[in-house]
Amino acid sequence: MIKIKELHKKFGKNEVLKGLDLTINEGGIFAVLGPNGSGKTTLIKSILGMVIPQSGTISLNKKTIKKDWEYRKDIDYLPQIANFPNNLSVKELIKMIKDLRANNTDKDLELIELFKLGSFLDKKLGNLSGGTKQKVNLVLTFMFDSPLIILDEPTTGLDPISLIRLKDLINKEKEKGKTILLTSHIMSFVEEIADEIVFLLEGVIYFKGTTQELKTKTNQPDFEHAIASILTDSYA
Amino acid sequence: MLKILKYSFYDLMRSRWSYVYFFFYLLLGVVLLFLNNNLSKAVITLMNVIITLVPLIGTIFGVMYYYNSKEFSELLLAQPIKRTSIFIGQYLGVALSLSMSLILGLGLPFVFYGIFMSSAIWDFTLLLVTGTFLTLIFTALAFNIALSNENKIKGFGYAILLWLFLAVIYDGIFLMSLVFFEDYPLDKLSLIGTMFNPIDLSRILILLKLDISALLGYTGAVFKQFFGTNFGLIISITVLSLWVIIPTYFIKRKAERKDF
Amino acid sequence: MAQTLEVCSNCENKTIKEAISKANKHDTILVKRGTYKEYNIIIDKPLTLIGEDYPIIDGENKGEIISIHADSVTVDGLHIINVGTSYTSDYAAIRVVKKKHFVIQNLKLEKLFFGIYLEKSQYGKVLNNQIMGDAVEEYNSGNGIQLWHCKNIDIDGNTVTNVRDGIYLEFSDFCTITNNVSKNNIRYGLHFMFSNDDLYKNNRFENNGAGVAVMFSKRIKMHYNIFKDNWGSASYGVLLKEINDSEIIGNTFETNTIGINIEGTNRMVYKNNDFIGNGWAIKFRGACYTNNFTHNNFMYNSFDLAYNSRLNDNKFDNNYWSSYAGYDLDKNGTGDIPYRPVKLFSYIVNRTPETIILLRSLFIDIIDFSEKVSPVFTPDNLLDNHPQMKPLSNDQN
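Chains A, B and C are the protein sequences, given in the same order.
So the first sequence is residues 1424 to 1659, counted in our numbering.
So the second sequence is residues 74 to 333, counted in our numbering.
So the third sequence is residues 3 to 399, counted in our numbering.
Just so you know, these hints were derived from the structure itself, not from any lab.
In this text the structure is predicted, and so the values were computed from the model without any measurement.
Think of the CB as a built atom: it goes at the ideal place given N, C-alpha and C, for glycine as much as any other residue.
One or more hints might be untrue.
Said to hold, decoys possible - Below, computed lysine-lysine pairings styled on DSSO-like, alpha-carbon distance capped at 30 Å: (1) K1490/A / K225/B; (2) K1441/A / K1514/A; (3) K1601/A / K155/B; (4) K1496/A / K114/B; (5) K1490/A / K1539/A; (6) K1428/A / K1539/A; (7) K1426/A / K225/B; (8) K1433/A / K327/B; (9) K1521/A / K227/B; (10) K1601/A / K1441/A; (11) K282/B / K1556/A.
Claimed, not checked - Just so you have them, the derived chain B footprint on chain C, three or more residues with Cβ under 8 Å: (12) 163-174; (13) 211-218; (14) 279-293; (15) 356-370.
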């Protein structure tokens, strides 16, 4: 589904991606992991076309995304920080995003119900708490039925109940045969949900495989330690 | 793009600042007309206001809007929308809502005063056209500054500097160089000099209406052709349009290349 | 008894010349409708030559058309065309030489060189004539109404367009020029030199190449005239040069490049005039003393005053200045702080004319303001101590 070749990206002198190659097949949940500054967000934003790489190609369903924008119809994206125009109400925002995508879905009602957002619909986004904003963010992401879902730190600010609901939601989407790409620093969440791990280190893919494979490779009994061992090895 | 324009416009129409701007012009118009009770004098004062204040407000507002709607832009960037549409749409949204505040704010008191019955209608229309041009130009320049500077404080600083330069400093340098090189034929040079400053250009456009008798007192043939015929008007409008088109093109270019 | 002789194609007299030769003193010659190809018509006895339905006298560009060589001649109601153009003689449609008590009225003059030319004549009237030239260049065109060494002539109600100088007076005293319109002439609308004690009233001078020039004269009265739309680098509402002891009262100067250009002019009264929308309302060129400007309106001029020296002996008082920004706390209709009509920028423009392009720029406003606060270049005592808060109603007539 996604094929990335020789991706290079520099911000000023800071080289973030150094010739990254990655192939992600259709269907399943992929977790992109890595230490701070390893290029997770840059990678995701490159796929979304928000960051423009110096060189390399990204193709989605065998079509290169360079200078294209319509391919984003097939992606739902949850940004890391949920910031919205402050003087819009939740309802207006949802309506606007639907209008902008020219997609008249009614899945939002279901999601609003799921995250219990009904009482916030007429509130201005500027007056919402971080967690509530994140829920709105989730509604906006999941309401379109796109084959590729990219979630950047989806768990931020969520209460335990909502977290459970989010997991259910992600699994449901997976069952529909969708591809889900996510980043998270909560290892238990990743371990529980991810089919495959993509570990980024210093701008390249250091490891790609299942959690089991990672444990085997690092000789560690559990996932968290497996990750830690990679880091200590690389910094040693 | 039209959708973005619509939402930016809608967003701004609900923002307090648009009203402040609108009421400021409304008040200015009312004070000028009903305290002075003199249309010609009001038009002259208005010209001074338009060529200094409109650029200032355009730059500040443009920069402010860009930084304030950064999150909104990022949200939009992940949507299936063309990048340039997002920024050009936002730019037009700001510029048009500012222009509308200007036109309505000043227009209403003048309409009530009876501008349609007056011979000053053309002067007044020209003022509003110039004001709209300046709004479009300076908002575009502001967007360029904001797109090139992630740092908000820096962005604001550059915006204010830009205004100060074009509104005051440029003319100071211009005047000094004209006086310094007074032994040489300067009429072409002085006309070219105004083309590089949209504020000067707008001023010339208004001078063509208000001060044509003084302008024709100068002997140079180039001046005569410029001010004595429609040539000046056509050139000024054309160059002003270029001043809108070129910065807008740069917004597009910058937007296409920027990382978010 | 005076009799009337008729001239027409089937009358006894076929030509005007023929009728004149047959006429006795004080006869009337009635020229019927028709076209008469005649020139060098010499009226050598007191006669009334009158046209019926504007008969056309076509000079076929051969020279002068009518010369009056007798006193008490009246010429009335003729349409005279095709006066000869010459570089050596000033051919005119009508010429009067050294005669008195003539009346020249209701004529239409077209395709002319000079129109009405009065030499060394007195006590004549030139009334309600229409003079329409087609002058393009100065050197091969003549003047509409020209007076040379004349006295006590009335020029009233004439319209002069498209000639070199509309009305021209040289060495002519005690004349009254009233209710005339002079416009679109290639040089001056009105031009007079060495002519004293004349009155100019209720005339309109519009869009003339160089406006009106008034030179080397004394005791002139210019009242309630309108000077309008005289545009160009050497164009004025009125150019005053070496004029003394005269009055300029109640006139309107509107949208001229320069309203009044003053040079070597002394002891003048300028009162109740309106200066509206001129480039420069008044430009002083030096050697002007004891000029008195009171109760004038200065409205929306690009510059109210241009002054070329630091010395000032002219007085400005009780005028209205539209660019006055003072206040009137005691509500007596007079501003509480004096007005300085000369701006620093007018000096700069005087020195480097191209800087005019910076007119009304914020930078210029700033330097003008600083000059106003502490005058360095402009005469310290040049101010109006009683600027009016409201325009004066200088109603004409």
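Of all the hints numbered above, which does this structure not satisfy? Sort the numbers upward.
2, 4, 5, 6, 7, 9, 11, 12 and 13
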